[in-house]
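J.: Chain A is already provided as a structure; the job is to place chain B on it using the hints.
Protein sequence lines, in the order shown, are assigned to chains A and B. Counted the way UniProt numbering counts, the first sequence spans residues 1 to 105. Counted the way UniProt numbering counts, the second sequence spans residues 1 to 92.
Hints were generated in silico from the structure; no laboratory data involved. Note that the structure is predicted; figures quoted are calculated from it, not measured.
Covered by chain A, according to a simulated footprint, are these stretches of chain B (three or more residues, beta-carbon under 8 Å): (1) 6-17; (2) 41-48.
Covered stretches of chain A, going by a simulated chain B footprint (3 or more residues, C-beta under 8 Å): (3) 51-61; (4) 76-83.
Derived DEER-like restraints, expressed as beta-carbon distance ranges: (5) B/Asp-52 <-> A/Ser-53: 21 to 27 Å; (6) B/Ala-61 <-> A/Ser-81: 25 to 31 Å; (7) B/Tyr-80 <-> A/Glu-79: 29 to 35 Å.
No residue lacks a Cβ here, since even glycine has one placed at the ideal position from N, Cα and C.
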Amino acid sequence: MASFSATSSLSFFSVRANNPQARPETVEQVCEVVRKQLVLPAERPLLPDTKFSELGADSLDTVEIVMGLEEKFDIEVAEESAENITTVQEAADLIEKLILKKGEA
Amino acid sequence: MASAVPPPVRSEVLLLFRSLLRTAREFADYNIREYTKRRTIDAFRQNRDLSDPSAVVAAFADGKSQLEVARRQVIVHSLYAPKVKNVMEIKH
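Next up, chain A with everything else stripped away, as it sits in the complex (with noise of 0.2 Å):
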């Protein structure tokens, strides 16, 4: 009876852990790249799901974007994972995930 609920419990955990959300100051850093690159007004509201293309971004804009993003944390990104960023959040997560990998190495 208690294996059965802790082994429940666990997987709920281990879900949790594979997608986590990326930290505020990431997701904010990211913006302020995206921001500049597709010169923002500093009025226009940025959220982090808002895809690029939305904010008249083209796709040498993304380019641009994730070599400025790569610059700015210090990361490098694989071409195929720099092709699935279409969102604020999806290049904080991505860069998270790169950070912890780079400190693991």
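T.: Relative to the frame of chain A, chain B by itself:
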């Protein structure tokens, strides 16, 4: 020409763009690094709306040869890297 070269797909173009920007970063000289970055971005933006396939193929080929030039120059310039940092690189 017997058969036309197929124009590059979007992912190839973006990969070339990224490769050029990555190569630019390897230059030790601030001026050359910034120029390479700027020129790449300007050229790709300028050619963004090309519709004629042969023009696209020509632009892509030009980009690829420029990438090779940049890669060679990174190596050559590293032999003569400036000893003093450019004033623009000094953080305040």
